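One-letter residues, chain by chain:
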Amino acid sequence: DTNAESSAAATTTAAATESGSEEPGLKIAIVSSPSGVDDGSFNQDNYNGVLKFIEENPNATVTPIREETGDSAAAVQAVADVVADYDVIVCCGFQFAGIGNLAQENPDTKFILIDSWPTIDGTEVTADQVIDNVYAAYYAEQESGFYAGMAAALSTTTGKVAVVNGIAYPSNVNYQYGFECGVKYVNGTEGMNVEVVELPSYAGTDVTGANVGGNYVGNFSDEATGKVLGNALIAEGVDILFVAAGGSGNGVFTAAKEADGVKVIGCDVDQYDDGANGDSNIVLTSGLKVMHDTVYNVLNEVKDGSFKGANVTLTAADDATGFVSEEGRCQLTAEAIEKINAAQALLKEGKIVPAANFNGVTPETFTW
Amino acid sequence: MKKMTKFWNAVKIPLLAILCSLVVGGVIIAVTGSNPFKAYYALLQGSGLSPKSSYASYKSMLTDFMSYVNYFTPMIFAALAVAVALRAGLFNIGVSGQMLAAGFTASIIVGYSSLNAVLAKPLVVIIGLIVGGLVGALIGFLKYRFNINEVVSSIMLNYTFQYVISFFINTFFVDPVSRQSKEISASSRLTLMDTMVGNLKMDIPLGIILALLTVVAVWFLLEKTKLGYELKAVGYSRSAAKYAGIKVGRSMVLSMMISGALAGLAGVTYYLGYVGSIQPKVLISTGFDAIAVSLLGNNNPFGIVFSTMLITLISKGSTYMKSAAGVDAEIASVITGIILLFSACNAYIKWKMERGRREKTNKTKEDK
Amino acid sequence: MDIVIIDGLSFALPLFIMAIGGIYCEKSGVTMLAVEGLQGFGAFIGAFVAVAIAGNFSGDSPVPFYIAMIMAAVGGSIFALIHALLCLKFKANQVISGVVVNILAMALTAYLTKLLNRVVFGATSDKFVLTVSSRITIPGISKIPVLGAVFTNLYPFELVIVAVAFIAWFVMYKTRFGMHLRACGDNPHAVDAAGRQVGQIRLAAIMICGALSGLGGICFAYSISANFSSSIYVGYGYLAIAALIFGNWRILPTLGACLLFGFARSGGYRLVQVLQMPSSYQDLVMILPYVLTLLLLVFFSKQNGAPRALGVIYDKGAR
Amino acid sequence: MSEYIVEMKHITKRFPGIVANDDVTIQIKKGEIFALLGENGAGKSTLMSMLFGMYEPDEGEIYIRGEKVKLESPNHATKLNIGMVHQHFKLVSNYTIAENIVMGMEPVKKVLGCIPVVDMKKANQDIRELSEKYGLAVNPTDVISDINVSTQQRVEILKMLYREAEILIFDEPTAVLTPQEIDFLLDIIKSLRDDGKTIILITHKLEEIKRIADRCAILNRGRLMDVMDVATTSTKVMANKMVGREVNFETEKEPAKPGKTILDIQHLNVYNKQDFQVVKDVSLEVHSGEIVAIAGVAGNGQVEIADAIAGLIPARSGKILLNGRDITDLSIRERTTEGISYIPEDRQNYGLVMDFTLSENLALRNYYKEPFCHKGVLDQKIFEDNSEKLIEKYDIRSGQGSKTVVRSMSGGNQQKAIIAREVEQDSSLMIFVQPTRGLDIGAIENIHKQIIAERDKGKAILLISLELDEIMNCADTIAVIYNGSIQKIAKASELTTNEVGEFMMGVKNKEKEA
Ligand SMILES: Nc1ncnc2c1ncn2[C@@H]1O[C@H](COP(=O)(O)OP(=O)(O)OP(=O)(O)O)[C@@H](O)[C@H]1O
Ligand SMILES: Nc1ncnc2c1ncn2[C@@H]1O[C@H](COP(=O)(O)OP(=O)(O)OP(=O)(O)O)[C@@H](O)[C@H]1O
Ligand SMILES: [Mg+2]
Ligand SMILES: [Mg+2]
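Protein chains in written order, with this note's numbering: chain A, 1 to 368; chain B, 1001 to 1368; chain C, 2001 to 2319; chain D, 3001 to 3514.
Just chain A, same shape as in the assembly (with noise of 0.2 Å):
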């Protein structure tokens, strides 16, 4: 609901209502994971995108779906129940990568899958593997964790900054590397010497099996071991703590909560209001996938009759990353706020490129 409002779609409106009175609407299918898109974070984001479109197009419908297991075998089944329904079908997250043989099965259903590419016959395709009724988007997570990582290295009094993580799986790896080379950056252009702590007993190891530091919790859904994860790093005298580690992260907000003086940075959305503690609020900001966006646009596309089916990666030049900078929805400085976006402009020129797991730079190779 913070970034939803863009001055492309106001434009659009008047068209969208228009051809929507006669035509009937695209029938929309949302699936999620088990938390549902009423979930306040990832699946609700993708969620705004399409309630955007609904907005803008009354005719179209959406049905959302939650599928209750988790299990990715599940999920697919549960698109497979439902496909032929439907016009579009947005899919909610990785555990959805495996409807790729289910939409080449059925060519006249299209395809949005969020936060992931899909398979075929289990394995992930290529870039150039497009399938053609198949939107399907990765985000340059390292890019939202840059941002992070200036905010907070721009906002410790302590010097001490950590990023805490669930499992090394690419995404994450990508924010613990972006978080790193935005600490770095702030080091090297505001002359600063801001730590980030590694805890060893928590360092992660990739999908190749390299270990790659940071702090991972091990799990996504484990609020006790982040609590304790949190509560280690704050004995370290870490004061700002990036939090990509999804369920397990509400744990690392709690002991950030219980702390004194402790403010955590959310991810993929806008977390403010986890962050609500009694009279304060403990998040600094967040760093986003703007998954709403992508959502809403690849939807209109539909409805145009545009759509390509896409492997893609998106990135600050898609407007795709960004962080939370609205008043009331984050407490970092004004200064803060215009240094930070200075950078991101340079990282939609391509001026600064973070280090990612698998994009050839590490946060201890990162210049700019």
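To be clear, the hints were calculated from the coordinates, so they are not data collected in a lab.
Fair warning: there could be bad hints in the mix.
Okay, derived cross-link-like pairs now, DSSO-like style, lysine-lysine, Cα gap no bigger than 27 Å in a straight line [stated by the list, open to error]:
#	chain 1	residue 1	chain 2	residue 2
1	D	Lys3241	D	Lys3030
2	B	Lys1247	D	Lys3273
3	A	Lys27	B	Lys1038
Predicted, not measured: the structure shown is a model, and the values here were computed from it.
Fit chains B, C and D with the ligands to the known structure of chain A by using the hints.
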């Protein structure tokens, strides 16, 4: 004729309970603003028991039904596992853990090998039987030898398996896209996935044949054999069983072993049949639901087939119900809960009915 | 070391109070597998009320926290009425009833959390975000080495739990009600013959169990993540049951079992940090409490026995 | 107020397949001892259970002290000052005697001036005084599970007295007591009557009725046959009315013709679960064609000897030979097949699977053998046939024949079922522990005849009984046990009842030592 009345007596009370709960569930659905008849019909449609208005390519009512069969096969085994243990007075609350242990072992030994189907499939079943049986036997043995309550040891083992297997999956067998264990080979899978039959692409669950055979076998074992008699005697009275020369300890271990082996079959038909991979650190609810399913089926193997089909029908059809009738999947679980609630009152309904009948006969006697 | 004790206690005590609830119920002769459901539903009510009234208090006020605890207890005991109705009135199988209550609680809390968020708070969320509770360090004693950690960084609920646990012990062993309750679990016919209503005593026991489970549930919600969602309570109910069986249905030994769980758990976390194991080993260490329990049971379980009338449906005419 | 304190009018109670009470009307005067007599399953317990509020009658009315009442629960009955000692005691096994007695009416004290707690000190004191007042010695702090049955029964009586019950129902109170204890109990009942209490006594023992009862009602198959004055009726008449035929009190038997040794126990030592020695160096022989009875007061190790022979508890040392074969280390099943039949003391926990049907229970010893079981598969038809045959032969009465769940059968008929099953085993050794406990005189006569008939067929019979009459009536050889060791083994003809009683009490032996 006599057989018919006997059958009718056995089923009329569960049927009444189900009817009551469908009425209550219908009221709830109506209150949330949907049409209960449409919702219930959608459950049938979603499970392939009545036709949908449109089908995806290569799909029909038959493929939906096969998918439903694929879905409920593990539950039949799981409920049988509960029933066999209950016969001997033991409460196997560890079915989920045993399923996981069996499924994981079979996955890593066979699922990731290159064995051909003729060898792999029977081997998977055998491993399921053995692993589940061993775990069950261990629980029985702990009870018999050390007087450790089976509920406690099952729960402890549930957790232990959950964590240990999660460790192995995350460390050695993870698929970075789906974030669960790598999918097993098609040749080891107990369901022939996406098999072209005529113009249809269906999942053919081989497990159902095994399941139906097992139902008959378990029924025969419990009702017609010496072993069944012994288990029942031990279940009713350990002291009297001992007096009768039955080896109480052996019977307890044996019944837990059989129960565990059945749970193992549930595990392989779930993990190597229905889904094909394992979510780390998730204990599926099948094992717990199976307790209710088994009791709804009156702990009778044939009753279990019907109670399984009923309970799984609701969860299986819930996706389509949401899609076609707009009823939330959560409501489906609430209805399941209500059905179980009513059937838990079986004994009471029976008692009421018997009393009613007695009063009637008394009256007629008096009239004479 | 200190952190092991502090974290261990904050996990063990909510578990303990839930286990006491289970003891009440089972000592009265009613099998209680529904601890998890009661915990979840109680915590749900407590958290909902806490969020609903939070606006009326200043942000740091502890009052919503205490109201939440009370409402969680109320919510738990109301939900426990389902179990009571099934077991006592409809003479249902107590095992199935317990499992059903759990299934129902899971479905209802998941659904209602979102519904209430939407309808009452106009927010879309699957959880209630609570204010974290403050922590107390008792001056003086907290300075004692090792033992002092027991009095350091306490959640206020830990003190509440200790007090409630003491009262529960007192009621169970010193009062007439407690005496009748325990007798119901051994021979309900004797209680009936003694002029007490078995049904009423069991009803009370079940509701107490609901209240204590709900209380434990809201404490977990506060200590683990300071929010309530239907996913945070899975598994602890069964752990509480394991603890009470381990404790042989007696309050003090059950405390021991809960402390064992708590310390083994926090000790495990500490071990990972000290040994600098990679994060993936976390899962291996997490089995510590469970494996330890099994091992200890091997040595200490021989004499254990459930209440004699546990799970037997009371029929006054039974022979 | 009417002359009667209790009136039950036109009471009818039906259970599935059986009318347990059929239009029964009894009226009981205040201050009398009223006896209820009837065969097993005649409906005595059922009738009294309704007076105590455990069942509600299907038809009929109950008046207490002239007022019509609807008794809904034992609780309600207690409030009307009705107390009952049940055939199966209702005690909380892990509570102390005092706790059991005061339960529901506990003395309460306040701590800190306001919190009510149970005052166990006062309770113990009260019970001590109460027990002294009525001469029912108990130690208030003993735990129920540690005390023997006769003490448990005293606790049940004290429970009624503590509650100041005025109408006291005793359901077969003497079935589990020794002769001395019975004497004692009857004296107490008399003194209670003299205190003005009204007593209803269910018993199968006519001499007890003769000794203390004022009037006696006779039930037969649920129907009230007669109510008579005890003083003017002979036991013979009572017995005939009850059974409906002539009853023979003295068992007739030929002298024994002992053959070869069947059972040979050598220096047997047995310890119980608490590791307490309960059988001390017992040696005993039983020959074919001979009835050896072990006489003794309850709890002196006789049951453990039987359990050890049957293999239910292990022998710590010593040897048990059956037909010359050492069976000491064999399993229960192996011993049974070697030729042991065993009628255990505790029929509900050991002798029967209470939730099995009659036909399943009657096959408990044989279900695994041909023809019941063929290659692991059971033959239902054989189960039925077997059960029909035994029901007929042993006159086992129940609501639904073979299909009756045993739990619903009357105590006496449960016992008959066990005896039928065990006798049909045709084993060379038959162990009878309290075989006629709780049985009516007609049934007792039958069983004694059966025991002797089996002896005459050449079986070796070990009879363990607390009833001296039974032992004197049936035994050829008597072994008297006291405190785990055999005090005396002698031909029955060489011992008098009195002598046996003295050995049982350990008196005779002590004299010898002195
Ligand atoms: N009444 C009971 N209640 C609960 N558990 C019981 C009961 N009776 C037996 N058990 C359990 O069953 C186990 C085996 O019982 P049993 O006494 O038959 O052992 P056993 O004699 O060693 O067996 P076996 O006859 O095979 O040698 C015991 O250790 C105990 O855990
Ligand atoms: N709860 C019950 N359900 C079914 N039948 C019952 C029940 N209680 C008693 N009966 C039946 O009612 C009849 C009378 O039983 P009751 O116990 O009153 O006999 P009784 O005279 O006390 O016999 P006994 O001398 O053997 O104790 C028996 O046939 C018994 O099987
Ligand atoms: Mg009787
Ligand atoms: Mg043994």
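Report task. Check each numbered hint against the structure and report the violated ones by number, ascending. Result -> Those not satisfied: there are none.
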